[in-house]
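> Line order of the protein sequences matches chains S and W. Just so you know, we're using numbering that gives the first Met the number 0 here: the first sequence kicks off at 0 and counts up by one. Just so you know, we're using numbering that gives the first Met the number 0 here: the second sequence kicks off at 0 and counts up by one.
Think of the hints as simulated: they come from the structure by calculation, not from any bench. Errors might be hidden in some of the hints.
[Stated by the list, open to error] For lysine-lysine, the following DSSO-like pairs were computed, each having C-alpha atoms within a straight-line distance of at most 27 angstroms:
| # | chain 1 | residue 1 | chain 2 | residue 2 |
| --- | --- | --- | --- | --- |
| 1 | W | Lys348 | S | Lys169 |
| 2 | W | Lys43 | S | Lys169 |
| 3 | S | Lys2 | W | Lys348 |
| 4 | W | Lys95 | W | Lys45 |
| 5 | W | Lys382 | W | Lys366 |
| 6 | W | Lys95 | S | Lys169 |
| 7 | S | Lys2 | W | Lys375 |
| 8 | S | Lys2 | W | Lys366 |
| 9 | W | Lys45 | S | Lys169 |
| 10 | W | Lys366 | S | Lys169 |
| 11 | W | Lys222 | S | Lys169 |
| 12 | W | Lys45 | S | Lys113 |
| 13 | W | Lys45 | W | Lys325 |
| 14 | W | Lys187 | S | Lys113 |
| 15 | W | Lys187 | S | Lys169 |
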Amino acid sequence: MNKFQRIREVIIAFLIILFSIILIANPDDGHVTIAAVLSTTMILAGLRQLFYYFTMARHMVGGMRILFRALITLDFGLLTFTVVDIPRFYVLLYLLVVHAFSGFIGILRGLEAKRFGSPSWRLIVLYGATVIILTIFCLIYVKSANMLVYYYCASLISSALVRLRTAFRKSAIVYIQ
Amino acid sequence: MNIDFHYYATYCAALLAGYTPEESLDICYSAQLVDLCSRTFLGKLKAPLSAATTQLQLELMECRTDMTGLQDITRIWASFHFLPADLYAVKEHCSKRYLNKYRLICGPNGDLLADTVNLAKNKGLQAAGIAMHILADTWAHRYFAGTPSLVINNTDYHFFELITEDGVVQERPVSFRHNPSAADDPKKGIYINSVSQNSENSIMNLGHGRAGHLPDYSFIRYKYLPAWGDFDEILKDNPSDFRHAFCQMIYALKYLRGEYELFEKDRYDEEAVSSFSDELHRILNKRQTDACEDWKALALHLDGHEPEPFDLTRYEEEYLSAEPEKKGSTFLGRFFQAAMAQKSMVTNKIFHSGNLLAGFSVDFDRKGFRGIEDFKQLIQYIKD
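All chains, please: the whole structure from these sequences, using the hints.
The structure is reproduced here in C-alpha cells:
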C-alpha cells in the first residue's frame, strides 16, 4: 500500500468506529439506521458495479450480465430506502440465523485446519464458537432490538480494527540484485 | 500440472540433462514442493512465511480479498504457477485497471521465464527445481492469470473436449461440477471446477479454477472462450504443450548445468527425446488423470531404477534440528531462500511495469531495507 492508501484505510476505520459509538449511544432507532445503512450500501454497490461494467466487464465474454446485475442492485437499494417499516422480528431472526451458520462453518474450517496441522486452528474454532455463543445470546434477547444493535456495532468495530492493522502492516517486498 | 509431471517427468528431464540420479531427485523434489509449500507447512516448521509458494484450499477460503490480501495472492500465484507472458502487453480501448489484469495472463517463453531460469543459475538444485516447476506451468496454465479476476479467468458453457475416435475428431461438451471432494471422470467427460462467482476478486476466479483441472492433464485437447479473448475460441492442445514443456525443461536444465552460455527462449531439446519419442507420445496422450506410473517406467528405462516416491517430510527433521543460524544451509532452507528470491524478482518486475497488483517492491540497492523482515536473509543468499 502507498501512503495515500494507508491514510485512507485509517480514516475509514475511524469513521466506522465513530459511527458505531453513535449507534451504541442511541440504540433505540438502531434497526432503522441499520436498514438505512444497508440500502445506502446497496445503492453504492449498484453504482460500483456500473463502474465495473464500463471499465472492465464490457471487455469480458458474457459481461452484459454484470450490467443487468448492477441495475437490479441499484433498483433494490432505492426500493429498500423507501421501505422503513420492515417487520423487525423477522429481520433480526434472519440476520441471527445467517450469523450462526457462519459460526458453524468457522468451526468446521478450524477442524479441517487441525487436520492439515495448521497451528491457527484453535483461533479459528474459537472464533466460530464465539459467533455461535453470541448468536444464542442474541436469540434469547431477540425481542430487544438494542442487543442486535450492540452486536452489529461490535462487528463493525472489529472490522475497523482489522483495517487499522492492515494499514500499519509492512507489505512491501524487497528486491536485492 | 500435477505430481506426475512436476515430480516424475522433471526427474526424467534432469537425468536427460545430465544430472546424476541423486541430483535429479533433489531437483524434482523441489519442483514438486512448490505445490505444497504453503503457510500451513511453513508454520509447522517455524520457517519464514514469506517463502510460501502456494496456498491450500483452506487458506484461500480464509484469506481476505482486500488490497493487501490480493497482492499476497498475486505474488504467490503469478510468481510460481502463472508466470506472466508479457508485462507490457497492449490492448486498445481498455482501462488501466483492466490492462493490469490482462498483462498478468500466463504464457510460455516470456521475458520473465528467462529471468526465472537465469535467477536459478548457480543457486543450487532447489532453485533449479523451482524454476522447472514454473517453466512447466507456463505451458499448462497459459491463458489464465495468477490473480483473482472474473474478466480474465472466467469460462462459460462454450467448452468442448476434442476426442479422437477411429481417427475422427469429435467435440464433446464438458460437464462441470462444483463438488471439490469429487474426482474428475474423463470417460464421461465430467470434470470439477470452481463455482461461478460474479465478484471480480472472488477466490473462485483465481487461475484456472473455472476450467477445473483440465489444464493439468497431459492427454486433453479442448476449446473454449476465454473471458478476455473477445469471443475468439482458443484450442488448448495439452499433449503438444506438455511435450514442449518437457523438451524445454531438458534444455533449461542443461543451461543450468553449464552446458550453454546463454538461456534462449523458445528453444527445446528435441534431440534428447528422439530415442523414445513414441513412448513420450504415448504417455502424454494416454487418457488418465494420474500418469505417475508411466513416468516412473520411463525413469526406469532411462536410469535403471525408479525414483523414490515423494515424501513431504523427507527434509523436515534436518531443518527443525538445525541451529537457527544454520537453517539457511539445510535443504529446505535453500528452498525457502530460492522461493523468496523468485517472489521478490517477479514482484519487482510487475511493480516496475506500472502494475500494483502484486504490491510494492523496494529496491534494496537504492532504498535499503524497507520491507517484510523475512527477506533480510536474501541479502546473503544473493551474494553467495
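> Let me make sure I understand: some of the numbered hints might not hold for this structure. Which ones are they, in numerical order?
Going through the list in order, the structure violates hints 4, 11, 14, 15 and respects the others.
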